[in-house]
Amino acid sequence: MASFVIRRLIASVFVLLAATFLMYNLVAFSDDPLEDLRLSNAPNKEQLIEARIKLLRLDVIPPLRYFLWLGDVLRGDFGVSVQGRDVNVLLQQALGSTIQLVTIATIVAIILGLIVGITTALRQYSGYDYSVTFISFLFFSLPVFWVAVLLKQFVAIGFNDFLEDDPQLPVWLIAVLTILGGLLWASIIPGNLRRKTITFAVAAGATASMLVIMNLIDWFTYPGLSIIGVAIIGLGSAVGFTALITGLKNRRALYASLAVAGLGIVLYFPFQYGISYSITEWWMLAALAALTIAVSMGIGWFMGGVDKGPVMRVAAFTGFITAGAIALDRFMMVWDDYASSGRIRGRPIATIGSSTPNLEGSLWVQGVDIYTHLLLPTMAIILISFATYTRYSRASLLEVMNQDYIRTARAKGLAERTVVVRHAFRNALIPIATIVAFDIGGIVGGAVITETVFGWTGMGQLFINGLRAVDPNPVMAFFVVVGGLAILFNLVADLVYASLDPRIRVN
Amino acid sequence: MSNLNAPVPSGAVTDAENNIANKEVEGLSQGQIVRRRFLRHRGAVISMIVLAFIIILAFTAVGFDFAVFGMAIKTAGWWQWSWSDIPTPVDGGRPTLSLLPEWLGGAGITVGPHPFGQDEIGRDIFAVVMRGTQQSVVIMVVVGLIATTIGTVIGAVAGYYRGWVDSVLMRFTDVIITIPLIVIGAVLGLAFGRLGAFVLAIIIGLFTWTGLARLVRAEVLSLREREFVDAARVAGASDRRIIFKHILPNAIGVIIVNTTLLMAAAILLETALSFLGYGVQSPDTSLGKIISENQAAFATRPWLFWWPGLFIIAIALCINFIGDGLRDAFDPRQRRMPSARALAKGTGGGLDRAAVQVTTRGAGMQGEGGGLRGFDADDPRPRGGGYDAARDPKKDS
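Protein chains in written order, with my numbering: chain B, 13 to 519; chain A, 0 to 396.
For the record, the hints were derived by calculation from the structure and aren't laboratory data. Each residue gets a CB set at the ideal place from its N, CA and C atoms; glycine is no exception. Be a bit skeptical, because a hint or two may be false.
A few chain A residues that face chain B, going by a derived Cβ cut-off under 7 Å, partial list only [claimed, not checked]:
| id | residue |
| --- | --- |
| 1 | I178 |
| 2 | A271 |
| 3 | F297 |
Work the whole structure out from these sequences, hints included.
In structure tokens, the structure reads:
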């Protein structure tokens, strides 16, 4: 195993060296780096050209200049850009900004893609499956820059217009959403016609009443979940996770998760009007999330009886979702202050940039600001990558559901839930895990167009601006990070596969 | 069966499964079986018709104009404007296409002089979009041809010879695969974009074969261990003959399916590059370039934005659906048995399916092999064509 990893790492270093050499020369030969100066009318044109040649060592031919660059990089110095700025600093800023942009989008896309892929595989050849297949092919075929303009027009500008004066959902929209909600649940939940009709009626009724209530309490001006919303989400997730992971017959898991949800509800008021004011840094929020999970698992451990593992898992998921709902409610509380503040002037959804300049406020206000800026690019990225994950997880689960051991599991009388969740789902995750590992390596470099359209100064901009100026240093800094991550995660994907699937031996 | 530790090659079909397949597809050639399965995929067939319509429309409406390495091909089209004409703007450049009949309050079903509208200076958007569609189609075909050829050859050679040839070729593939496509496209587009769509397509094709090479290599690695390859070798066939006449025809499914996906990706890549300004350059035009030039005008002239986008989506969507149909036709493994619950409940469709399944299974077990391979016949993975016919999704619904 160790020798395999070492051999692969050595091979990877050579691959990266070859790729950087190729890339460096492609960039250096792609155009004339002195073009803008040659065309300028500046009186000291000659001196400027001299200065730039000296700054970027243009007197050395590119294949040799690569080795000069490589020597600097091995000492941890990415050089300077055409404008004379330190590329290390540029890279740091760009990397931070891009990671902020792609992390949430990737996580949401993976979770959504998995859920939708699995439900479509379980309802293969249903109307739901066909619609999702069509939609994912459609998303697959969308050019991201085109979607971006549509999102800007309809989500940002349209929604801001909607918020402008006394936002109320029109009746036709409520009717459409009600029917869609009913159809969605009726097609996912199995059963005969009678049961499907009941599911449709319940889901449609719930959707309609929720939308009407939102209209009545001016939800779009003063959004929030309140303790009622938090309670519904907490108790619902307790029951839902228990039903999914252990089955409702496991009373210990049910009581443990209900206890966790109850604890969350009890802590609602102390948190919203006390503790939350003393949270001023992001790491505090992260620590609180970790604490929540630890406490939930502790409750699961105490109430778990003989089989503690699944109970702890159910409790941890419930605790995380409940705490997440409380935090979401806290963010929503400052929404009105944020939207009506002088910097925002009632048009909260931003179409460009990564934050509102000079915005002051608590951590919660900053959080809402990040949300409004992330919304559009995140939607664009999710739309594109969601399709891939849906298709992969659907294919993977279908492949597994056809295996002998699934039939054995059914034959020995296991409940369908156990067969799907314990036997099929876990095995279906193996190929998906490798795809996810591979994708994570690629996302940092994959958002070039999204960043350009939404004006994020991230890795994509570093690359594009560097290329425009025929300036290899920023382009190569971008490429070393992106290519290095791709190679690293390629290796990780192989190792993950080998460790998850005992049939594969790495040697 | 001799080596139980070896991963089952994805194309492997056991004797018993062959029997099931044979019952259902007796007297049909491999090509006919694949064609039948493909024609059953309704989405793929519709997509093929739509794509053919789009291609014919684009190439006849404004005529070709492609110059490659000094050779210029130019013909005239039947449409009254070409993409470089600048007629005077009429009615603010609004589209004259109308599909709403008069009795519904519309202007009647008419095409008018500028069905897709005009831009600020008066260019006819229909002609411009048709030209962009031509570019996309050319890029799609050229990239598909070049990338498939290179990828197949490299993958086949690496997988067949193994050893140091494999190592060298695969490390080379790794080097290319490390560079994100959009990055290499932008760098090369900057240098070659002004030479026109054809050259750009060749360049893109030279760098997009990597995924296919890996897949073909994996396929060849498993195929080269099969008996028919041994038989060919014993009969004295040369390496080249074994690769091209015996192994590659068996890997054709993987190759064709991935070529279609590659072609769809190539269209999106070209539009993205043109959008960033690294693709096709003025005075020529492409779908991505039209959107890039007009994205600020969305509020005032939305048709400048809708039409090119719709054509990009239509082409990519058609190609993706055709690819899906081909995958189903070549590799029906994703078909699934009726679930245990469907069998237990015995709902109408479920019972029928169970009955069909039992008969086809029985046929398999009674076939040659004296029941020895009965266990294999029980393999629920539906790989044979016969099984597939029994489980046709269109008949289920």
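Query raised in the report: In ascending order, which of the hints set out earlier in this document are inconsistent with the structure?
Result: The structure conflicts with no hint, since it agrees with every one listed earlier.
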